[in-house]
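With the sequences and hints as input, model every part of the structure.
First to last, the protein sequences are chains A, B, C and D. So the first sequence is residues 0 to 331, counted in numbering that gives the first Met the number 0. So the second sequence is residues 0 to 331, counted in numbering that gives the first Met the number 0. So the third sequence is residues 0 to 331, counted in numbering that gives the first Met the number 0. So the fourth sequence is residues 0 to 331, counted in numbering that gives the first Met the number 0.
Note that these hints are calculated values from the structure, not bench results. Please note that the accuracy of each hint is not assured.
Since the list gives no way to pick one copy over another, a pair counts as held whenever it fits inside one copy or between any two copies.
Unchecked claim - Think about it this way: if two alpha-carbon atoms lie no more than 20 angstroms apart in a straight line, the pair counts; the simulated EDC-like pairs of lysine to aspartate or glutamate are:
#: 1; residue 1: Lys182; residue 2: Glu255
#: 2; residue 1: Lys90; residue 2: Glu320
#: 3; residue 1: Lys198; residue 2: Asp287
#: 4; residue 1: Lys40; residue 2: Asp162
There are 4 protein chains.
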Amino acid sequence: MGIRVAVAGASGYAGGELLRLIAGHPELDLVAATAHSSAGKPVSAVHPQLAGLDLVLGGTGAALTDADLVFLALPHGQSAAVAAQLPGGVKIVDLGADFRLRDAAAWDRYYGGTHAGTWTYGLPELPGQRAAIAASDRVASTGCYAATITLALAPLIAAGAADPADVVVVAASGTSGAGRSAKVNLLASEVMGGLSPYKVGAHQHVPEIKQASGATSLSMTPVLAPMPRGILATVTARPLGDADPREVLAAAYADEPFVHVLPAGVWPRTAATAGSNACHLQATLDVDSGRIVVVSALDNLGKGAAGQAVQCANLMLGLPETTGLSVFGVAP
Amino acid sequence: MGIRVAVAGASGYAGGELLRLIAGHPELDLVAATAHSSAGKPVSAVHPQLAGLDLVLGGTGAALTDADLVFLALPHGQSAAVAAQLPGGVKIVDLGADFRLRDAAAWDRYYGGTHAGTWTYGLPELPGQRAAIAASDRVASTGCYAATITLALAPLIAAGAADPADVVVVAASGTSGAGRSAKVNLLASEVMGGLSPYKVGAHQHVPEIKQASGATSLSMTPVLAPMPRGILATVTARPLGDADPREVLAAAYADEPFVHVLPAGVWPRTAATAGSNACHLQATLDVDSGRIVVVSALDNLGKGAAGQAVQCANLMLGLPETTGLSVFGVAP
Amino acid sequence: MGIRVAVAGASGYAGGELLRLIAGHPELDLVAATAHSSAGKPVSAVHPQLAGLDLVLGGTGAALTDADLVFLALPHGQSAAVAAQLPGGVKIVDLGADFRLRDAAAWDRYYGGTHAGTWTYGLPELPGQRAAIAASDRVASTGCYAATITLALAPLIAAGAADPADVVVVAASGTSGAGRSAKVNLLASEVMGGLSPYKVGAHQHVPEIKQASGATSLSMTPVLAPMPRGILATVTARPLGDADPREVLAAAYADEPFVHVLPAGVWPRTAATAGSNACHLQATLDVDSGRIVVVSALDNLGKGAAGQAVQCANLMLGLPETTGLSVFGVAP
Amino acid sequence: MGIRVAVAGASGYAGGELLRLIAGHPELDLVAATAHSSAGKPVSAVHPQLAGLDLVLGGTGAALTDADLVFLALPHGQSAAVAAQLPGGVKIVDLGADFRLRDAAAWDRYYGGTHAGTWTYGLPELPGQRAAIAASDRVASTGCYAATITLALAPLIAAGAADPADVVVVAASGTSGAGRSAKVNLLASEVMGGLSPYKVGAHQHVPEIKQASGATSLSMTPVLAPMPRGILATVTARPLGDADPREVLAAAYADEPFVHVLPAGVWPRTAATAGSNACHLQATLDVDSGRIVVVSALDNLGKGAAGQAVQCANLMLGLPETTGLSVFGVAP
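This is the structure in structure tokens:
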């Protein structure tokens, strides 16, 4: 008899990936999965890749209280209400943005509405954060863009090797990052064969990225790419001092199971991380401008969402951090 | 200390998938992986998705003899020579075509060269085959097209519900099925955004499909599709009697862990099987022509190659058949 | 001052392609384009590829009466009402299914609702049809699947070389063929990386294909493919007599500007027809089954919709049939 | 009888697009097309999208001297030798890099070998360049990355609105930009479903971009994207003064037929430019960093190669600049 877990918001892409990871996790038992408009349907009617998983989606709120730990994979702004209905003893990992920010004003500016509060930030690779997560009952798992960019940037800023006030990021995401709602601009016909920037100049994840990475000024341009999964972030910053940026990263992540600084000269490819909880990194100095260039790749549904959440849950539950997670991508 | 396994031909796509599955298999220890032109390189230099796997590719022939079981993922025609060098006690699963056919003349006609021989055919879902595989030291794992089409067709022919002399198949494969050699027609620029039939009228896998499925006349048209993985076979046949084809399949596979006959009206999608060892099936009678239409989907590198091979190996080694294999696809 | 044309239903994919073709047509002047929910928007807000086309979409019904010829690119079932409002002297090319069928019962069975009537069928390559179109004021342009399959099949049946009672077709279409409505199953995340059959066993285009090709029994399985444009149809039939199917097709299309029977051994690829009004064909006899196999490729928005409609309009207006149309695809 | 043109290097992707554009150009007659290993083959055997174009590829050097104008679409480093064999009266447009740079040292550093020389730079939208091209017999047409980035950047630097010493670019290209040679890393299996950066920190096109745009320090990271055509460049720069960057661009390109500054808030998408000679631009100030962000999209084979070359040729031949070129993309 394993640890009892539940997923609220199981009909979206992150929810589906959570169900897949939980099904393959040796210590977790899925006791409930809830959804809004899909309540009452078998899981496999919503997620064809889970054919054989014998479970019916419940209505939001149903049966979550029986779980030892609940994953919330809800639309932004809905986590607080669901969390409030859970008994105090139930541990929670929120995959949404609601509890990530410390700065209520930033929440107001980018999301609007009431700031729900601040939970322990769920990125175990940040200094001190692994222990904090393990000691918490409420964790706000990091967002997909924030994970990709923070893992590339935070050690350089912490080491004094990169100027936190001069960071420029272009990050391209696969379409699952845009969610599963039926919108014309997300139709296959519109997306295949092309690249589309969006929310240029003011993306709502900038405050989270600054908070987590230590950057004080950051230009971020997000691009929608014709692939289902993956984020590739190109992070450039003005160097401070003369540290080799690759060595700074390699030292920071030497003991991390999920973050790989690739051999010198080998650059990350998103496809190599698909389906895994790995993040691949590489860095160099640009010959012409002298800027640091770090490229970071991960699976937005893996280390950027569901995998990250399971990693946090493992810590919160006292399990080995890597249980039920793979570092190896499904490629080609 | 687990069972010692090795992979010969580890630099191709099936080889890479084998390494990934072995790395996640709780009972198997990878002791060697060999390659031809990539010998001497770290595995991750050839398979970026396996960053973190600490192994150097050996030259073909090296160190395979230390293994309890060897997987051969070599180009067609090369398995016999490598197998001959292995001690009799080493079990072998061949992913190539060399030992699949019983009919030497068919080998000559489609492949040319000397027919290597006939090993136990590695498709456990065929009647009697599971026990035969478990009792064998040499198994010729089924091919990707043959697995997809045979699983759709064999129970219908065996039940007398489909005419074996009137079968028409169109099957589309993702590009990994075409292998990893550098050819202009396999370049992304040539493949993306289009569909291309190939080897129309005379595909070399037809004899294997007929042998395994019981069909006596079969028209098969293969199509290259712009996706990395997956095969979708549309199998039509003239019905005999009035059995419901979906019910025939559902009865045949009721106890199979990897073959799912989907709920009536739900049709297989290749993406739902990506990265898994599942095969999804659905069948109906065409309203206008009265023909049986079966659609079959699987991952050509999973149930069509590496997953299938591990399933056979599990049987040969006395392990539970599903060990280290997943029925859940990585989607979207 | 050119011939005045208008497009009703200009916000969909076929409508957008019509606008592009009209803009490049030396004899046609676009005087109006209408849409439903997008009325009032500039064309380029709906079709980014037409940036620079200075026209605002009107409401359906507006200004169409000023045109010499109107293209209807409306959802199925809406053409009759719009056509009824146009003066008798206005020529009409309907891209919808409403006026294609001669058999009202078939309309009822597959589409439901009132059968609108029967107009001249707009496939100029059928025997006698070119003159009929040129003499008509009302033309029902052929559908995308029907064009692809009929061009492959009709000459073989007409020549007595193929059995009209034993035809099996599998046809894969790009996503633009499924239209531009916001549906979850058409999202890029769902479509990329996979193949999905749909409407298996009873597709609504079967009656049109039988009517146009002469087939009397036809099994058709449609598949959605991860590409924006293109249809690839694999058409197999039992041969009658011993005519070479490729030669039958080559003779039938020797003088056709838009239908190319490729050199023996070269098989059609959808990408080669993208953006053009070309249809590529190839045929052979299957070695194992003896069946005729014809593969046909075209652009579902080109020869399968907007290009076909412009070809018909050219005939109706007394212009050279190829005016404003290209046989060369945009590839890679 | 039109103007006689020839294409050297017709078997590559840019060569194929040139043939397509010339075939649709009302004033140009194609008299010869040459290739290296494909010499002797019909054009359509190499470019299936040109089925129906009745021409056999000649060996390099053959028959070019009969032309009034020759397009060179050769691998870098080969143009000088071919140009030297042409009579002085033959006009030449070179699509390669050989004659673009004014700085021989930059050539040595990034390309190596002898610097061939410097021809008139073929980007008509640069101030004064249109007239220079019209007066030249030898023109070095701009490269695909340089066209995309220079059109975004040059007016801002020229207007004193952007700091030429602080430019950061991330630019993603479709696979046709990588050429048509058979390399494993360009296989569809490797490219589909992922993004891969390459030549990070030192791309050979940086000197051309700096020369053409006026930038004095430029960090450029190129990324390979899973689409056949298109470049999307995100160009950021520190602003000087308080000019609105979108207005600077709109003023600079107000009369340009091929460069469209989109309506405020609408961002370029590569797919909208496919098959056309258009470049789409948009700009804003990033809220957090204050940096200028310009996004530029074009078809790397169109305005980035063959379309650009035809535009130059039109100028050199005294034809209207837009003859035979379209501003409308083939989408979806």
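Against the structure, the hints:
Neither within a single protomer nor between protomers do lysine 182 and glutamate 255 lie at most 20 angstroms apart by alpha-carbon distance, with minima of 39 angstroms and 34 angstroms respectively. Taking identical chains as interchangeable, the C-alpha atoms of lysine 90 and glutamate 320 lie at most 20 angstroms apart only when both belong to the same chain, with a minimum of 16 angstroms there against 36 angstroms between chains. For a Cα distance limit of 20 angstroms, the shortest separation of lysine 198 from aspartate 287 across copies, 13 angstroms, qualifies, whereas the shortest one inside one copy, 29 angstroms, does not. Neither within a single protomer nor between protomers do lysine 40 and aspartate 162 lie at most 20 angstroms apart by alpha-carbon distance, with minima of 51 angstroms and 37 angstroms respectively.
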